[in-house]
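Asks: Taken in sequence, the protein lines are chains A and B.
Each residue of the first sequence is one higher than the last, beginning at 12 in this note's numbering.
Each residue of the second sequence is one higher than the last, beginning at 119 in this note's numbering.
Wrong hints could be hidden among the right ones.
Not the full set, but computed from the structure, chain A residues with beta-carbon under 7 Å of chain B [to be verified]:
1. Ser20
2. Ala24
3. Cys52
4. Tyr61
5. Asn120
6. Arg198
7. Glu231
8. Gly272
9. Glu287
10. Arg290
11. Gly350
12. Ser355
It is worth saying that the hints were derived from the structure and are not from the lab.
Source: prediction; values computed, not measured.
Quick reminder that beta carbons are idealized off the backbone N, C-alpha and C, glycines included.
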Amino acid sequence: MRVVIGQGSCGIAAGAEKVRKALIKENIDARVSITGCIGMCYLEPIVDIYDEDKLTRLVKVSESDAPAIAEYINTGDRSKIENLVVTDEDSEFLSKQTRIALRNCGIINPEIIEEYIEKDGYTALKKALGMTPEEVIEIIKTSGLAGRGGAGFPTWFKWNAARNSEGEEKYLICNADEGDPGAFMDRAVIESDPHNLIEGMLIGAYAIGAKHAVVYVRAEYPLAIKRLKNALEQAREKGIIGNNIFGTDFSCNFMIKAGAGAFVCGEETALIESLEGHRGMPRLKPPFPAQSGFWRKPSNINNVETFANVAWIINNGGEAFAAMGTEGSKGTKVFAVTGKVKRSGLVEIPMGKTLRDVIFDIGGGMKTDKPFKAVQMGGPSGGCIPADLIDTVIDYKALGATGAIMGSGGMVLQNWHQTHARDARAHHQGRGQRGRYRAARRTLLRHQGRRALRSRSDGSEPCTHHHQIFPRRV
Amino acid sequence: MDNCIDLSLLDGVLDEYASVKGSLITILQHTQDIYGYLPKEAIERISERTGIATSEIMGVGTFYTQFRFEPVGKYLIMLCQGTACHVNSSELILQTIKDELHIEDGQTTEDGLFSLKCVACLGCCSLSPVMMVNEDTYGSLTPDKTKKILKELREAAV
Numbered sequence: 012m013r014v015v016i017g018q019g020s021c022g023i024a025a026g027a028e029k030v031r032k033a034l035i036k037e038n039i040d041a042r043v044s045i046t047g048c049i050g051m052c053y054l055e056p057i058v059d060i061y062d063e064d065k066l067t068r069l070v071k072v073s074e075s076d077a078p079a080i081a082e083y084i085n086t087g088d089r090s091k092i093e094n095l096v097v098t099d100e101d102s103e104f105l106s107k108q109t110r111i112a113l114r115n116c117g118i119i120n121p122e123i124i125e126e127y128i129e130k131d132g133y134t135a136l137k138k139a140l141g142m143t144p145e146e147v148i149e150i151i152k153t154s155g156l157a158g159r160g161g162a163g164f165p166t167w168f169k170w171n172a173a174r175n176s177e178g179e180e181k182y183l184i185c186n187a188d189e190g191d192p193g194a195f196m197d198r199a200v201i202e203s204d205p206h207n208l209i210e211g212m213l214i215g216a217y218a219i220g221a222k223h224a225v226v227y228v229r230a231e232y233p234l235a236i237k238r239l240k241n242a243l244e245q246a247r248e249k250g251i252i253g254n255n256i257f258g259t260d261f262s263c264n265f266m267i268k269a270g271a272g273a274f275v276c277g278e279e280t281a282l283i284e285s286l287e288g289h290r291g292m293p294r295l296k297p298p299f300p301a302q303s304g305f306w307r308k309p310s311n312i313n314n315v316e317t318f319a320n321v322a323w324i325i326n327n328g329g330e331a332f333a334a335m336g337t338e339g340s341k342g343t344k345v346f347a348v349t350g351k352v353k354r355s356g357l358v359e360i361p362m363g364k365t366l367r368d369v370i371f372d373i374g375g376g377m378k379t380d381k382p383f384k385a386v387q388m389g390g391p392s393g394g395c396i397p398a399d400l401i402d403t404v405i406d407y408k409a410l411g412a413t414g415a416i417m418g419s420g421g422m423v424l425q426n427w428h429q430t431h432a433r434d435a436r437a438h439h440q441g442r443g444q445r446g447r448y449r450a451a452r453r454t455l456l457r458h459q460g461r462r463a464l465r466s467r468s469d470g471s472e473p474c475t476h477h478h479q480i481f482p483r484r485v
Numbered sequence: 119m120d121n122c123i124d125l126s127l128l129d130g131v132l133d134e135y136a137s138v139k140g141s142l143i144t145i146l147q148h149t150q151d152i153y154g155y156l157p158k159e160a161i162e163r164i165s166e167r168t169g170i171a172t173s174e175i176m177g178v179g180t181f182y183t184q185f186r187f188e189p190v191g192k193y194l195i196m197l198c199q200g201t202a203c204h205v206n207s208s209e210l211i212l213q214t215i216k217d218e219l220h221i222e223d224g225q226t227t228e229d230g231l232f233s234l235k236c237v238a239c240l241g242c243c244s245l246s247p248v249m250m251v252n253e254d255t256y257g258s259l260t261p262d263k264t265k266k267i268l269k270e271l272r273e274a275a276v
């Protein structure tokens with residue numbers, strides 16, 4: 012038997028480490044190990060007990076449950092843990108999802124490379140190294156993969172531009188400066204499946220011809236940094252990164268840079284400035300990073316979730332990825348569903364589903380009896396989508412048409428208790444480095460004043476009309 | 119207090135990074151790990167060793183929210199002000215901490231135990247409202263739970 016405890020940041024904050032220690036103290040006849048975040052954050056701490064392939068999932072476990080769990084493992088007596096076993100309804104939170112980027116999250120141990128390799132890890136890299144870089148880019152083109160950080164720009168196009176850019180020295184950069192409030196899928200991927208990110212990055216580096224890869228991670232994610240460092244070390248020992256990878260003439264070295272807390276550094280040119288040790292002030296474009304990026308060399312920057320799809324695409328083919336989704340948006344997207352929602356966590360579903368599917372069918376609707384009012388999407392660059400647009404299809408264009416954006420995938424749900432203008436100020440974290448943000452702040456303050464007056468005069472709830480306070484990201 | 123700064127603690131960091139271009143932020147992060155903040159003397163030493171003007175170091179240091187120029191307490195409370203936490207009433211938690219510790223955002227308690235800082239989204243939104251104390255995350259906070267945590271931390275410090 013195997014006992015696996017979910018130890019992403021959420022799990023640890025909910026007490027998973029205490030549960031693990033308590034279980035180790037009990038004399039149990041099973042191997043105790045850890046995993047990352049399965050995405051059912053509202054049920055943490057989660058303990059999975061594997062008897063061969065049969066899984067018993069226990070949820071909301073506390074340290075005082077350790078003796079009962081030990082009894083079940085040692086004697087098979089389930090009576091004392093029945094109340095901890097995940098319900099069918101909660102299991103649907105996972106069974107209704109389609110997981111590609113998150114496929115290993117909450118299943119494998121992120122600190123042991125062998126567990127990733129067992130799940131076909133690094134086979135996509137091997138396969139890619141047997142192709143020409145152009146062929147790799149062609150597969151990504153067929154897949155329709157687009158930038159998951161928010162902009163939704165075709166990944167192949169950026170790779171191709173960086174590939175065709177002249178220069179011996181090129182850089183591949185991963186943007187893990189996940190700053191949009193309400194979004195935490197990148198943290199989950201790094202904490203739970205760091206090798207998937209590394210493999211995606213290596214394939215990207217091969218495609219564009221880069222020998223250097225850099226991951227820019229938020230300093231607020233200490234666990235992600237620790238697990239990524241550990242993963243890089245293990246990959247290095249196995250010869251998966253470094254010189255002459257898998258005996259080919261492809262070489263690539265990795266570097267981790269910790270961000271220092273600046274929302275604007277999620278913007279790619281600001282991120283590059285920060286990597287170079289400067290204030291994170293965005294550069295004027297053009298030239299684009301593909302021509303002149305890190306140290307003025309051709310550079311390509313993609314988001315964590317984008318890279319997390321790459322290995323799967325190489326192994327399963329671009330067509331398989333493109334078979335999911337809509338005309339203009341292919342594959343799956345991960346959403347972090349939070350706020351006043353019943354089941355808060357990570358949801359990965361094919362594009363083309365509706366907001367209702369995510370919020371009500373999988374998320375379970377509101378957690379209080381106050382009705383759903385709006386969902387904030389896309390962080391400060393996005394907007395609030397009101398209840399009457401709940402059947403909007405998840406697609407870059409369709410969401411853009413509401414005035415919000417797909418963004419990095421944060422969905423913060425609001426109920427009728429909340430007022431938009433106040434919330435808007437709370438999620439505005441831009442610091443005015445860009446003219447449009449400064450203008451946005453003035454608009455916001457004007458809105459706030461007007462709304463405050465209105466609520467005072469008639470005492471009614473503010474209207475639910477979506478108002479786009481923040482302009483769209485360029 | 120500034121007089122007691124032991125600058126030799128910086129030597130290791132500077133030996134490793136001073137000549138590596140683009141390392142200023144990394145150097146400042148290590149410096150803050152050592153002293154808990156960025157002392158003036160340390161900034162001057164970094165400037166001497168890297169050749170970067172103190173004005174530029176200050177420019178970078180003040181740009182990023184991670185860096186501090188005053189000492190902080192034993193426990194640095196970072197209270198998340200992200201959207202999800204806000205929607206789940208982080209304001210109540212802020213008020214509780216202020217009432218319990220009698221400090222405002224950015225201040226340190228007189229006994230030097232606690233410093234309070236309101237920060238942008240910590241990425242633990244499913245457990246909102248959330249705070250980090252040093253490197254530990256505490257989620258699903260309520261005023262009572264917050265009081266209990268503060269009490270436990272205070273007792274642990276004795």
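Asks: Which of the numbered hints are not met once you compare them with the structure shown?
Replies: Of the numbered hints, 4 and 5 do not hold.
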